[in-house]
Amino acid sequence: MEKNKTSEDSIKILNRRSFIIIIVGAILSFIVSLRLFSLQVINFNFYKKKSVENKLSIKLTPPLRGDIYDSKKNLIAGSSSLYEFSVFKNLSKDHFQEIEKLDSLINLNLNFEEISKRLKKYNEYSGFSLSRASWEQIVEFEKNKFLFNSIKIIESKKRYYPYKNFSQIIGYMGQPTQSSELYSKGVFHLEKSYEKHLKGTPGKIFSEVNAKGKTIREIAIEKSIKGNDLDLTLDLSLQNYAQSLLPRNKKGSIVVISVSDGSILSMNSNPTFDAQIFEDRENNKIQDLLNDDQKPLFNRAFSGFYPPGSVFKPISALVGLQRNLIDSQKEVFCKGHSTLGDRNYYCWKKKGHGKVNLKKAIKESCDVYFYELAKKTNIDDIANLSSNLGLNKEHDIGLSNIGKGLVPSKKWKKAFLEESWYQGETLITCIGQGYNQTSPLQLATLYSAILNGGKYPIPKLDKNTPTKFTGKLLNNEHQKIIVNSLNAVVQEPRGTAHKLSISNPEFVKIGGKTGTSQVVRIKESEREDDQYKSKEIEEKFKDHSVFVGYAPYDKPKYIASVIIENGGSGSTVAAPIAHKILDFAFKNNV
Amino acid sequence: MFKEFKSIFNLNWIYIFILLIIFWIGEINLYSAAGGSLDPWASNQLIRFLFFLPLFFLVIMLEPKFIFNFAEIFLILVLIGLITTLIFGYTGMGATRWIRIAGFNLQVSEFTKIALVVFMAKYFHKLNAEKTIGLFKSILPLIVSVIFFILVSIQPDLGTGIIILALGLVVIFYAGIKLIYPLISIGIILSISPILWNFLKPYQQNRIQIFLNPDLDPLGRGYHIIQSKIAIGSGGLKGNGFLEGSQSSLDFLPEKETDFVFAIFSEQFGFTGSILLISLFFIMFLIPVLKTFKLTQVFNKIILFVLSFKIFFEFLINISMTIGILPVVGVALPFMSYGGSSLLSNLIICALLLNFMSINEKKRMFS
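So the protein sequences, as listed, match chains A and B. Heads up: the first sequence begins at 47 in the working numbering, then just goes up one per residue. Heads up: the second sequence begins at 1449 in the working numbering, then just goes up one per residue.
In short, the hints are calculated from the structure, not lab data. Some clues are possibly wrong.
Stretches of chain B that chain A covers, calculated by requiring three or more beta carbons in the stretch to come under 8 Å of a beta carbon on chain A [said to hold, decoys possible]:
#1 1679–1689
#2 1774–1780
Cβ pair distances, simulated, as ranges [as the list claims (entries may be wrong)]:
#3 B:Tyr1629 with A:Lys95: 29 to 35 Å
#4 A:Asn136 with B:Ile1656: 49 to 55 Å
#5 A:Arg62 with B:Gln1657: 46 to 52 Å
#6 B:Leu1486 with A:Phe65: 39 to 45 Å
#7 A:Phe92 with B:Ile1531: 29 to 35 Å
#8 A:Glu264 with B:Trp1461: 38 to 44 Å
#9 A:Arg263 with B:Ser1633: 54 to 60 Å
#10 B:Leu1501 with A:Arg62: 49 to 55 Å
#11 B:Met1509 with A:Arg62: 30 to 36 Å
#12 A:Gln221 with B:Pro1702: 34 to 40 Å
#13 B:Phe1514 with A:Asn136: 41 to 47 Å
#14 A:Glu328 with B:Trp1645: 56 to 62 Å
#15 B:Ile1587 with A:Asn136: 37 to 43 Å
Keep in mind it's a predicted model, so treat the numbers as computed, not measured. All residues carry an ideal CB built from backbone N, CA and C; glycine is no exception.
Extracted from the complex, chain B is given alone in its bound form (with noise of 0.2 Å):
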């Protein structure tokens, strides 16, 4: 089940100490927030880290033989657990989104990425012995995905749940499905939208028509576009400084701690500080995926592109929104953004990661 203890020697330190500076950007960003103070925010978050960190070993040292037998095992527990939500879940804000497991908050949806993704890796290793992989073998897990993104959007979650069918649908566009069919799927899509538009909820229509113009509520739903982007306009090129953000100490920001914490970053460093920030994110992004290029092993390249991919594309979802080119959806900022359930899932991600960064291909290992 687990690896020889002396393989952790052979993690990739650049990638471990890039995620160490990110997550300390977060917490500075939410002592920040709290107008100077560890409390309430920055202080759990660090606890919450510390407390991850045996499991972050833990799933260092997996086996990636284990992970891939048990691919199934875990959808079918994430599933158990979406619908547990459903059924028992805790509600908050209008959506039951959180089960108490253990005395924890547990969002399972942040889970399910993770799950998806591992179980769809093993489903195209599977296959790999064909070329390009043609529409039928894709309609499983493609209707895996979509069960999924059901699940999830009906909690109602629209956010988690777009990132999760966006997550299947790139697994199935790397793992080489003809580009015939992506190309008309975003045909049909397109053209069915208008109807789509009639399934969303009111609230979730209402977030899209204030997203194309916010001064339709400025003080209402509009207010946290507006807010956020004045907080982030205001840093200018260099920024207010470090706890110089006045919009965001003076609470003219709602959500500053979660969703909108990029605004915070960003009016303290302006936009040298963003583009510094991005350029964290994509490098953390390129790592393990330049390891993909040495790699033969479609599972192994799989798990490691995407979910690479997945903390990079919530990244950019989430500034985003904060800057105004994407609707307000409720994308969390990996490493930044104040959760317990986002930092764990993107902790475990991390640390699949640096498992699979450090493998060594010579031994055939799947069967």
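Looking at chain A on its own, in the form it has when it is part of the complex (with noise of 0.2 Å):
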């Protein structure tokens, strides 16, 4: 009995403690539900979006970039899809082994010790590109289709540049610098400003995947649009026949405008370069390209800078007229040379140009008669036409790298030299040498103003921008004037480009201005000198060939702008390539 008492009382503590067992695991559960209950009904909005995200792949397809043609629709750039073996390293182990099978299966000729050095530093989830692929290897594949897990043909967009000549003003692509950029873009000249305005829409294929990113099924297809097209000012024939204008072993530029618009007819550069081997990925020859120092992607036309030269006189000539500082008939008597304090300038004549007006300085390209001119001119004047006539400024042709050049003035120097002006530096200054600094469209640019009357079209690429003038009217009195004198360099005899007229009188009448663009100092007494001792200086001491020309002379059409370096004297290099170049765009039409 005893004992039966005391384990009746131990049985009640062991039911006892059920009950805290049951309160205990009724807690738990009820703490679990509470969770769930968090996680199901309050949180739910929150976890459905993250289910829809998970199972939810965005995949964009790259959509066709927009053309590029020239002002006759000729194509110029052009998108292509095309479709390439690529190899996906995580889908299958033996994907060396497939690549080997498909080489041996289609005939691809591929270099193995290359794939697989480069294979090995590529991202697993993306496609190496082994080749392209077409129609009848294609075939061939589908085919065997089987044998092979990891490779797979996929579709890509290429870009082509049908035509070298164009490669310094279109640009070329390249590969994104950020991992949101998800295909190529354009990275320099045209491909680069216009990038918004070619790049298109991409499409997007909406799929269900796996946790493992494998499609499931396809949920929606958006389809890719492309971009837009681009039409620019050039002419192909005219751009590729200046191309070989351009001597081989020079560098230089051909800048070609249409006097009525602005529109840029031609703009070369030589060296140039070919924007296919970007396109391509021939890396050997885009790292000789940017080592070599002849600098071909670096366009002239528009980025190089030089003195003037000669060319710039007629501003000289239209201060000195708008100042009252000179008379037309009044004439100047050049000895060779003109003595400001106790320093000679030289004129390029040593014998001098005797008696001369006006016209014959332009003509015959007197320093002397500007040298005078000079004397009594104020700087600033100078700047503030030049400016007017589009010198030291940037002409927004929708390209990034265009540069401003330099017309000096008072406050220029103050600034950037932080010291006051001379008069002799006047003096140089008015026959384009000195600080000046001016690219081959500028110049061009500086002829379309005066031969406009001084409001000129702002120069144009795109043609679909309407055309803008800018700038300030001319004295039309001064004007004819001056373009008198232009049309008299060329057309009549003892003019600095006479020459043209008789070795070439088949070819359209031109007018213009001979420039000698001094690369060094020492020669001041020897410029546009026929006996010229060329041969004795060394190449890169030679003084550039400029000249500015524009044809017909008597109602302008098209004015050329080209400069050779270290060609020599602008009569003898630049003129007859302007000439000639002058001669195809008003025989063309174009």
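Fit the two chains together into the complex; they arrive one by one in their own frames, and the hints show the way.
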């Protein structure tokens, strides 16, 4: 009995303990239920969104890039879809055997050693392009598709540039630099500055994927939209012809623009390059190009700045006329040099030009006439007029690396050289030397401004940009005097470029101005001298040969601006090139 | 050794019915985990279930006295099994948890839980003359529990080890140890836990850290918890519906057929389904427990109470893991996780519960 009683007590304890454990179990169940309530009811939207993101994959498909055409709708940059054999490392361990199998099945002539080397560093999940796939190869591949787990045919978009001579304007494409960019983009020149216009809208493939990223099914497809086309003012035949006129072994540039609307008809620079090598990823050629000290990527037409030389003289003449510093008929005596203070300033013609009026001064490019004018001239007037006529400013032609150049002023010198202006500097500025820096495009624009009477059309490359005029009107009389003088340079005997009319009488008649852009100052007295001792002077110290001309001279339609670096005098090198290109433009009515 | 055959009509059919419902839910769940396919899990699990049924009925028919008499032998068998596992065991996923017996991979630690409870039930039954149990009398079962905890934990299988230790402690608590001792122990454990931390393997420390902050490693170890929470949370109140669980069918959820099987269920059947499942398991827990109040034999009471608690306890631990309120320690969801050893040991437990629920204590059973 005794034993039984204590046993009953201990049973009571056991039953009490069960209640404690049951209550603890119930509390734990309640906590779990609360947590489930929080996950599934309170935070339902949050987790629902996450689950949708988890299962939905959006794959972007590259759009076709807009085409670029010349003014006559010749294609100069196009996009095409092409098919490539691509290997995905994540899809099979035996991917390399599969590559070898593919090569033996379809003769692709793959370089296994290089592929293996590059493949090692390649991302597992993005396809590594092995080779382009032709239709016959695709058919052959599809027949044997079951042999390949890791190789797929991938569609990609490629840019092609049929004409090498446009590379320095069109630019090229490059690989994405940020992870948010999925495909290549324009990185240079028009491809870069018109990126938004050209690139188009990518397509989207919405698909349900599993955790390994494998597509279970496609849900929806949004097609990609091709980018906008771009029509340029350039003329294919003129651009190609101009390039052929540039001497192969010399650096130089030719710009041809239309007088009426500022359209840039051709814009060449030598040496040039082939943008296609960037698209074809020919790494060796790209390396060579980047290392080339001739800088073929540098477009001298708008990025190259040189002293304009005598081509600048019309500005000085116009300032003289505007400020009544000269009378167009009044003559100055050129004895070969002019003196300011204790320094002599020489004319290129040592013997002197004798009696010189304005027209003769331009026609025969007499320096002394302009020295005498410069002695009375305020440099700031030169700078102001230059700006009005298109120098010392960036012309927005849709390219990002256009330079500004320089026409000096008192303010500029104070700010940048921290010195006051000397009148002697006005003398050399007035003949286009000294601090003057202009690009071939700016010089073409300057002559467009002169021929248009001061208000000139802003140069443009995009054909669909409306023609806009800028600048200030010139006095009609003054303008006529200058244009007559410029015509005389070619058309009248003793003109510095008169040779042109004699050697090619069948060519269109042009006007223009020769210039010699000084590289070294020592030879001040030797400029534009026919007895120029070119052979004795080292190539890199030779002057740049400059000519800006227009045709036809009586009703100007085209302007050509030519510079040949270290070419010598303007009349012998640049002028004949300009004449040829103007004749071509005129005869072909570009 | 066996009861009379007619006692089979005396079984608690409600309990069997709930067991079958839970197993059936588990089958449906494995079917949906495979994306609507019996292959590979649901069919295998069903074959195992059918294969284990004879054993299930065999255990139901065992004389409780037989179990009582052989309690120590079972424990020694299990001890040998665990040591064999450690020496000859089959290694998978960085742990040595299985031994091969007659072509089956057997996880001995699952059966340790049963043997330990049976052994301790017998031990405390013999002590039942005493009113409350002092510390000294609890030392032996405590030491045995700790030995098994260590043997399993070094496999390493910390989850099962903790369950074993917890069951041992629950038996001691249920058997009537003075309340002062558990309270003191809790105090001591809390104060030395920083030292224990250093004894954990780096991957175990890692699991706990990631449990505390899954975003530490969203694509690595935190991935399980994050994906599981997304699956469960996106189920909402009513669930996405049968076979409509996108997270699970699209393979976002790793180990979805074993430790994270609840996430599959909850994504499909939502909060409502989850509460229903919790209720089912709670009722399943309570049925044997209610019977204990009518019993006076300590051995019977402990077997019924603690083994019934074991199933419910594992259920709670498992879903707490999947909803991120406990670290991922690898405890299976009874009758729903894919796996033979867990299914077999839980079926044996249910058989024992059914066996002991049909006991008529008017006969004196144990000496």
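Legend entry - Non-conforming hints, listed in increasing numerical order: 2, 3, 4, 5, 7, 8, 10, 13 and 15
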